[in-house]
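**Q** With chain L's structure known, arrange chain Z with the ligands on it following the hints.
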Amino acid sequence: MNEESLLALQDVSYSYDGENGSHVLVLKDVDLTIQKGSFVSVLGHNGSGKSTMAKLMNALLLPEGGRVLVAGMDTAKGEMVWEIRRHVGMVFQNPDNQIVGATVEDDVAFGLENMGVDPEQMRQRIDEALASVGMEAYLLAQPHRLSGGQKQRVAIAGIMAMRPSVIILDEATAMLDPQGRQEVLQLVKTLNRDEGITIINITHFPDEAIYSDRVVVMNAGEVLMEGTPEEVFNQVERLKKVGLDVPFAVRIRHVLASKGIDLPFVLHQEELVEHVCRLLLTR
Amino acid sequence: MLQNIAIGQYVPGHSFLHRADPRSKLLFIILFATLVFLANNALTYAVLIAFTLYAGLLSRLSLGYILKSLKPVWILIVFTIVLHIFMTKGGTVYFQWGWFTVEERGVQQAIFISFRLGLLVIISSLLTLTTSPIDLTEGLERLLGPFARIGVPVHDIALMMSIAIRFIPTLMEETDKIIKAQTARGANFTSGSLIKRAQNLIPIAIPLFVSAFRRAEDLALAMEARGYRGGVGRTRLHKLAFSWRDAGMAVAGVLLAITIGWWRA
Ligand SMILES: Nc1ncnc2c1ncn2[C@@H]1O[C@H](COP(=O)(O)OP(=O)(O)OP(=O)(O)O)[C@@H](O)[C@H]1O
Ligand SMILES: [Mg+2]
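Protein chains in written order, with the numbering used here: chain L, 1 to 283; chain Z, 1001 to 1265.
Isolated chain L (complex conformation) (with noise of 0.2 Å):
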């Protein structure tokens, strides 16, 4: 394991008991790193292993062959379970379900009273975690008259006062509208880029994986593909024998091509919009 990567899953297997008796094997010698400071996207079918893969990467779910590592700690070894928890914030599909506290400030504390923060730190912590969400207006307000996205800036700002170094988000913005998941998304971006969080964004949108640094995509528990979003983004075919889509921009590349009008390979939908125009220019 070299300095730079600070999760490690190896050769890590699960099963959960089924309803007679009998294991299901839900990941299978999964291997995977990843970077410090980088932005990965996990991508895969309902069933795929994914949220169990993030469940191992704080402790919640300890592997039953194999090792996982956070920044060194073994999640196997009891004693620094606290520390490894403190490392990796988790941010759930459910906002309205992950929401502790009756008040915003009371939610973001709940992370540090439990580490045991004395509360004059706990104070600037606070207020430093919502100002990194943009949520400081909102330290007394109550979570239900909150919008989704909100909500899950709120569950970002208690994982920040706990200062993490990776921020596992498990479909976050699965139940948002478009404006919340722009919300997140834009978020954990910034904390990425300049807090240096590294950032693990399991989702179901391919759209919400062109930016990220990795992409990992997982089939019947296992890694299926690893790689720059360019590198597998552009095994169409084999991603969509999976039964997984690929982003806008990359399909309607596809098509296209299919029908004998080649394009540069592009992820970002403005650059397709650039192509297009320029190839009818072009013509």
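There could be a bad hint or two in this list.
Stated by the list, open to error - In silico negatives: residues of chain Z with every beta carbon more than 12 Å from chain L: (1) Ile1029; (2) Leu1061; (3) His1084; (4) Trp1097; (5) Glu1104; (6) Ser1132; (7) Ala1225; (8) Gly1230.
Said to hold, decoys possible - Estimated spans, in silico, between C-beta atoms of each pair: (9) L:Gly134 <-> Z:Thr1259: 49 to 59 Å; (10) Z:Lys1177 <-> L:Ala174: 15 to 25 Å; (11) Z:Gly1192 <-> L:Ala174: 32 to 42 Å; (12) L:Lys189 <-> Z:Leu1063: 38 to 48 Å; (13) Z:Arg1214 <-> L:His23: 19 to 29 Å; (14) L:Ala220 <-> Z:Lys1177: 34 to 44 Å; (15) Z:Ile1030 <-> L:Lys189: 50 to 60 Å; (16) L:Arg123 <-> Z:Lys1196: 53 to 63 Å; (17) L:Ala131 <-> Z:Ala1184: 38 to 48 Å; (18) L:Arg123 <-> Z:Leu1053: 29 to 39 Å; (19) L:Arg123 <-> Z:Ile1150: 29 to 39 Å; (20) Z:Arg1214 <-> L:Val24: 19 to 29 Å; (21) L:Gln269 <-> Z:Ser1191: 53 to 63 Å.
Simulated from the structure, these hints should not be mistaken for laboratory data. For each residue, glycine too, the CB sits at the ideal point set by N, CA and C.
**A** Quick look at chain Z with the ligands alone, frame taken from chain L:
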């Protein structure tokens, strides 16, 4: 339909009562309730009423608003008055009609007991009106703290209460949604016999329970992910601290107790 329900009755503010420590307020109420039960003549009741009015002023809430808290119990108060006027006998007979009489003791008891109820309700609403549910739970947790040593899960109870407070509005919204969804499917919650209406609640209750359990599971996971490990070693954001206000309340409590003890019959 349901979204306008506030959590508790808390009205934010900065009055003396708002700022006093929830622990002193809770202790004071216990003392006050005892004194209300000790009062037994016009003079002691007058003292308690005057004191309650003063406490009302200290809350800086309008008197009308405070008196509104009597609304849910007025039937009880009227019932008590009627019962005492007609059933308690003794002293001068004010009114007679066949076997039916209204007598001095009855009227007196009716007045005393209704004031007793009224005072208890008003003073405890002053607590809930000026203390946020969070502070209240926090105060309870600290007051009951010593019982943790004999195995009472004080921290867990307090956490449960604060989570309940947090989820009341969420579940209200959900109930609202379910009612609308079931109404759209033809359910009728507003007419029919009482039994029929009670039966109609089942299609609301079941989805609500199912979702509450799912939420509880999600929340437990989220709490664990944020490093929750029980009450041991945990610090709190809100520090409760006694101030001169609490000293003032203690003095007021002692004076009130002496006065009532002295003047009661
Ligand atoms: N607590 C559990 N008990 C038993 N089986 C489970 C449990 N949690 C998940 N599974 C099973 O494990 C498999 C992987 O689940 P996981 O939640 O990791 O998938 P996922 O990729 O996150 O899916 P989704 O996109 O639906 O969130 C699924 O087949 C699921 O049914
Ligand atoms: Mg999942």
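**Q** Now, for every hint given, state plainly whether the structure supports it.
**A** Hint by hint, here is what the structure shows:
1. Ile1029: holds (22 Å)
2. Leu1061: holds (20 Å)
3. His1084: holds (42 Å)
4. Trp1097: holds (57 Å)
5. Glu1104: holds (51 Å)
6. Ser1132: violated (8 Å)
7. Ala1225: The assertion about Ala1225 of chain Z is violated, with a minimum of 4 Å to chain L.
8. Gly1230: violated (9 Å)
9. L:Gly134 <-> Z:Thr1259: 49 to 59 Å: holds (56 Å)
10. Z:Lys1177 <-> L:Ala174: 15 to 25 Å: holds (19 Å)
11. Z:Gly1192 <-> L:Ala174: 32 to 42 Å: With Cβ atoms ~40 Å apart, the hint holds.
12. L:Lys189 <-> Z:Leu1063: 38 to 48 Å: violated (54 Å)
13. Z:Arg1214 <-> L:His23: 19 to 29 Å: holds (25 Å)
14. L:Ala220 <-> Z:Lys1177: 34 to 44 Å: holds (36 Å)
15. Z:Ile1030 <-> L:Lys189: 50 to 60 Å: With a Cβ separation near 55 Å, Ile1030 of chain Z and Lys189 of chain L satisfy 50 to 60 Å, so the hint holds.
16. L:Arg123 <-> Z:Lys1196: 53 to 63 Å: Given range 53 to 63 Å: holds, Cβ gap about 55 Å.
17. L:Ala131 <-> Z:Ala1184: 38 to 48 Å: holds (43 Å)
18. L:Arg123 <-> Z:Leu1053: 29 to 39 Å: holds (38 Å)
19. L:Arg123 <-> Z:Ile1150: 29 to 39 Å: Given range 29 to 39 Å: holds, Cβ gap about 34 Å.
20. Z:Arg1214 <-> L:Val24: 19 to 29 Å: holds (21 Å)
21. L:Gln269 <-> Z:Ser1191: 53 to 63 Å: 54 Å Cβ-Cβ, so the 53 to 63 Å window holds.
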